[in-house]
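Protein chains in written order, with our numbering: chain A, 1 to 484; chain B, 485 to 966.
Among these hints, one or two may not hold up.
[Said to hold, decoys possible] List of simulated lysine-lysine pairs, DSBU-like, C-alpha gap at most 30 Å:
(1) B/838 <-> A/470
(2) A/200 <-> A/123
(3) B/838 <-> A/104
(4) B/600 <-> A/449
[What the hints assert, rightly or not] If you want the ones that stay clear, here's a sample from chain B, every Cβ over 10 Å from chain A, calculated:
(5) 702
(6) 757
(7) 774
(8) 799
(9) 800
(10) 937
(11) 941
Honestly, the hints are just simulated from the structure, not real lab data.
All values reported here derive from a predicted model rather than from experimental measurement.
The beta carbon of each residue, even a glycine, is placed where N, CA and C say it ideally should be.
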Amino acid sequence: MKTRLSIILVCLWVLVSCNPEGEIVQSASAPRIFPDYTGITVPVNIAPLNFKLEGASAIVLDIKGEGSYRFRSSGKTVCFPIRRWKAMLEAEKGNTLGLCIRAKVNGQWIAYPAFNWEISPEKIDSYISYRLIEPAYEVWNVLSINERNVETFDERILAANSLTGRSCINCHTSNRAPIPTTFLHARSAGGATLYQRDGKIRKVNTATDSTAGAAVYGEISQDGRWGIFTTADIRNGLHSAALERFEVFDGSSDLILVDFENNTVSDSPLVKGPEFQETFPCWSADNRTVYFCRAEALKQPEQTKQMHYDIYSMSFDPQTGKLGGELVKVFDAAARGKSVSHLKCSPDGRKLLFCASDYGTFPIWHTETDLWMLDLRTGEVDPMEETNGAFADSYHCWSTNGRWICFASKRDDRVYGRPYFAFVREDGTTTKAFVLPQRNPDFYLTTFKSFNIPELYDTPEPYDARDMRKFYFGTETEQMTYSK
Amino acid sequence: MTRRIFHIANAALAIAFWLFYGLKCDGTMHGIEGDSLFLFTGQFACEMLGRDGGLSNWLGAFLTQFYYYPLLGSALMGLLLALLAEGVARFCKSDLTLPLALLPSMACAILLLDPKWTPALPVALCLCVWMAYAVSRIKVLWIKVVCAFAAALFAWFKIIDCQFYTYAVAPVKTYYIVFAATSLICAVSAVIPQKKMKWIPSIATVLLAAVFVMAAPRKVDKLQEEIADYSYMVRMRDWDGILVRAKGGRLSSPLSANAVNLALAMKGRLGEDMFNYYQNGIRSLINFEERKISSEILYLLGFVNEARHLAFEDMAGNPSRDRGVYHLTRLINFNAVDSLRLPIAQRYLNTLHKTLFYRHFEPEQLVCPQMEPSDDFFFNFGDFCQMLGFLYNQRPQNERVRDYFAASLLLEKRTSVFSSFFGESDYCPKSWKEALQITKSLNGEGTAPELQEYVDKYNACHGSAGGMGRFSRTYWYYFNFR
Chain A
1 MKTRLSIILV CLWVLVSCNP EGEIVQSASA PRIFPDYTGI TVPVNIAPLN FKLEGASAIV
61 LDIKGEGSYR FRSSGKTVCF PIRRWKAMLE AEKGNTLGLC IRAKVNGQWI AYPAFNWEIS
121 PEKIDSYISY RLIEPAYEVW NVLSINERNV ETFDERILAA NSLTGRSCIN CHTSNRAPIP
181 TTFLHARSAG GATLYQRDGK IRKVNTATDS TAGAAVYGEI SQDGRWGIFT TADIRNGLHS
241 AALERFEVFD GSSDLILVDF ENNTVSDSPL VKGPEFQETF PCWSADNRTV YFCRAEALKQ
301 PEQTKQMHYD IYSMSFDPQT GKLGGELVKV FDAAARGKSV SHLKCSPDGR KLLFCASDYG
361 TFPIWHTETD LWMLDLRTGE VDPMEETNGA FADSYHCWST NGRWICFASK RDDRVYGRPY
421 FAFVREDGTT TKAFVLPQRN PDFYLTTFKS FNIPELYDTP EPYDARDMRK FYFGTETEQM
481 TYSK
Chain B
485 MTRRIFHIAN AALAIAFWLF YGLKCDGTMH GIEGDSLFLF TGQFACEMLG RDGGLSNWLG
545 AFLTQFYYYP LLGSALMGLL LALLAEGVAR FCKSDLTLPL ALLPSMACAI LLLDPKWTPA
605 LPVALCLCVW MAYAVSRIKV LWIKVVCAFA AALFAWFKII DCQFYTYAVA PVKTYYIVFA
665 ATSLICAVSA VIPQKKMKWI PSIATVLLAA VFVMAAPRKV DKLQEEIADY SYMVRMRDWD
725 GILVRAKGGR LSSPLSANAV NLALAMKGRL GEDMFNYYQN GIRSLINFEE RKISSEILYL
785 LGFVNEARHL AFEDMAGNPS RDRGVYHLTR LINFNAVDSL RLPIAQRYLN TLHKTLFYRH
845 FEPEQLVCPQ MEPSDDFFFN FGDFCQMLGF LYNQRPQNER VRDYFAASLL LEKRTSVFSS
905 FFGESDYCPK SWKEALQITK SLNGEGTAPE LQEYVDKYNA CHGSAGGMGR FSRTYWYYFN
965 FR
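Isolated chain B (complex conformation):
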């Protein structure tokens, strides 16, 4: 009875994890998958397995590739966690210790909700637990001792010392606490003599599972999930999806604003709609500290060299992360702009074609050489607005650069410069119109009726941002309140 309840609770937890992780953390899962790489080649396996903790890393990378389909990936992870709990339960002679068998998989599940933890953690735990169980089943003592010794050595070099965390400073203490706690549970469970109990362990198991299901979702970082969502949609060029997610205008981070502004530019609506969304300076257009999305923005604008620079350094420069499929797809796209750069794109394609889900990947054609700078200049990351100006001057037909350049001037409130560039333009979307009206008004060339209406409202509210109603989605509002 108690065992049956344990199995049901274990299965329920695995299903809960599957659904929650797969449906609520899909953006994060896509991010993790993009940062990882698993190649179906002997060389890759040898390289991975040859390193410390290689078996856990290799199996972890194998599982991570299935995050490409979040529900499939989370199902596999749920299965792994259930397998871990089942392995620990094998050590429990007494029903009393049975609920404790759920704790290691619960700890892993909670840690996995933080994307910095890799699947190598549950893989390593699971391998160790099942290996220990297999050794414990050996009947002949000397064989058991030899196998235990060999298993311990193998576990230490090829399983435990794995890459369980993807950032430079890994929480080693937490990792070893989880390992030590799991070992302790197995040891205690094996020592406590067999005892049949009916209600206490069953209730404890159900309670534990319930508490976990209630508490675990609180571990999810919503901001991180929002950023991961936007990043994934940028990666998949899902511009409509970005605008649907951003409906309502409230954006929690500059990175989300970067994605929304890029989507607007790609749809040709940046000048028209950008102030329907939260904007705050030029960081709303690009944030160079975030290399991934910045490289996408630069590429789609025509700054291919700079995009490649950021993408490459994001790939090659992170000491705690191997290259991922997303890095490779970006470098392929960034190098496939013209035939002269194709050989280098081909190098990355050779690798990507050895993966499971990208074996048919082909470079996209969103940027043509005519969008790139025609004359060379040194790119200054400290003055993006000026760089946009240089490119716009060289490639006035590049509409994305035109819109970004205009937007950067508006966000920096350089209305007179804006007027000098776009005052005579035939194309004049809403935000441009509003900016030109401000310039005219500031120059004493008269105030347009709509602007006058805004000024009256502003005066009526005594400069309070909260009372501006429909005007809160105008450039005038941004000009006054940001």
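The shape of chain A in the complex, shown without the other chains:
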């Protein structure tokens, strides 16, 4: 009996110790996996980072942290089983994982240099919304605003223009409060701003006779009552130079304050008038300051390339609902030959994240656009070189805990935006960004949709596309009035 057992054990040992991969060649270069998930920091609650290695017919992935994990694939794609993935991240919270890929390429096993994943214990918000749209110029066909659970691959449609009379729907924005207030705009004959608070959706028209038009870019205060928005005469032009694409500029632009409780729109002489253009306002963390972009109004489109927006601030009194005080120049972008847009204040109120382009006010088609971070206490600006990609990084937002940022990046092909995440370290610097994982890593290479305006939040929206359709067609639009 003992002899038989020994023979079996010896056989098993021989089998286990046999290398099924045969001779392995060591590669000097890093594995070219897609998406590029090498050397990144990921939140503990992220969905599996499935990836592919082009040309591979089999892959063995060894991950080493506190524990060891092995994942095998019989093709070019590594798809992590979600339970094992979750267990691994939970066990390795706060650790650095070393990943070693061995792949069979053209019949030959190749071992690639290892790379790391930092598993941050800081969670990212569980939900992200984004607009899916073909990156056209002026016209659109099918577009939708979707909500994705970043911890899994579950996605649902919040609003689809196929259900709202082909209207343009955009700018889904959350105030990221514990019970969030959100809004989105629907542009068409019966269009309006769809404002959701405490699960109740209202349809409001923010255009008044005394303001330039309806609300465009903006944010809602933490209490959900106030909204600070741009109102603008938006125009566009088509570039001719080979690598330029499309320019969007404002014929005029001002700021408006919307009181969603009293249905009024007001403004301030500080941010109204034809001499200057003001746009992309955002609240400070305590909602007592409004940051915005401002530039001297020049003739458009002739002088569009001379338009340089700086960052200004003014105070806001939530008790009286008045914008006022004096204008303070917070950041002189023009002095650096830059123009800023898309301001977003961190939840702790210490940082301001914005887009820096060479000129103009609409950065998404400017390939040179990068994200910059301004320290509001010191005035120092960080060009975030570790995080920015080769082409336009824009439409950013903060996670509720202020430790993650999300943005749309066109770094992969110039044209199609994809949602990227980056970790904000204790010292305020940011890490290399990684793209929102998909069940099928090929998704980003084949989809005809561009992701724009990614928005993080922790509580799912209480409605879906069918509810939105009911509200859109079945609810009366509340008309806002102008209040001096």
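Given chain A's structure and the hints, the job is docking chain B onto it.
The following block gives chain B in isolation, referenced to the frame of chain A:
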């Protein structure tokens, strides 16, 4: 006997449709094929089949891809129509109703001659008819009832509610009339008791087929076919084919003129020969409302950004049409001008390589970065002539732009501006020479003998366009009469 005649008539109609559609409507067929896309992937099938009317749409798109070879595509469509008639005939117990079985396929054939109708229509009809026939063959009553119920539900969600028309306002009434008429024919045929008749149904069948064969070709829109032909030849870069088709100079639409002028420019003969063809203002060079051919013209001139703009909006902006293979091939070409734009071309190539006939498609190399604007300016679609001038100033070695710029000035009759740009040029084709002679004459610098001859003729005809003979193919004639 009657059944045999029915089968012969059905086959004859299918063959007639095959030959007529495949040979006379090949341009239209190429256009339809270019606007459609069928991918051999599970994801594509799931996406298509998941939508309302998905099965009809998916099979319709599958059949449409074969329009790449018009005779093959029309043969498949002929076969489908014959199958439809055969399906309806299965319900006919009496010979008397047999000729009626041809009507649904004839209606489909006539509707298909209008390119806005998609093959999803005959596919949907055929599926419904054969499904109903299969259900009718079930012997056990309760199984029959259950299957009929299931088939009705399936037909409603996955077959009937299909995309049978490619424009926003679909003729829903016509669609449902065809469906209702087919159902009625099947129902009536099934009810009328079996009866053998020899001559009346046979004669009716033959007459019906004959009337159809005589009448159907009248449904073809000749202008549309001409435009489709030119569009296809532009797409295939068949410049000689365009000039052969345009022989005689008469062009029925600005779009045809756009294609002919582009072909002339590509052959380097625009300045020499453009007034051998009908010209009427700058719309003869480009017509921005027609995004497809305009994007090709802009691309081949070097306005790649603008070409991409039109091509993309043509693809993404049409609410009633999915993207097609032609859209993808254009976007690949327009993005493959240099290596910096290759990743985006690759995205479209990834898709195109999953089709049947374009799996080996490679981008063409007809435009190089040196033809594109070197300095940026905002493109103004309202002043194409000025845009050509900007590009010509930046890229004087771009001969296509030079010829188009000159042609635009001539067509707008801006002869003095033309002279300032091209008065000293070594290259001086016929139309330029004629324009320069006009300028000189108008400036009082003497009238060339040929121009004098034209003026004499003009005076002799008292300004009548019809009597200008050989001069009707000169710039002088255009200058006076257009």
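Hint check:
| no. | hint | result |
| --- | --- | --- |
| 1 | B/838 <-> A/470 | violated (39 Å) |
| 2 | A/200 <-> A/123 | holds (28 Å) |
| 3 | B/838 <-> A/104 | holds (25 Å) |
| 4 | B/600 <-> A/449 | holds (26 Å) |
| 5 | 702 | holds (35 Å) |
| 6 | 757 | holds (29 Å) |
| 7 | 774 | holds (15 Å) |
| 8 | 799 | violated (8 Å) |
| 9 | 800 | violated (4 Å) |
| 10 | 937 | holds (43 Å) |
| 11 | 941 | holds (44 Å) |
Hints 1, 8 and 9, counting from the list given before, are not met by this structure.
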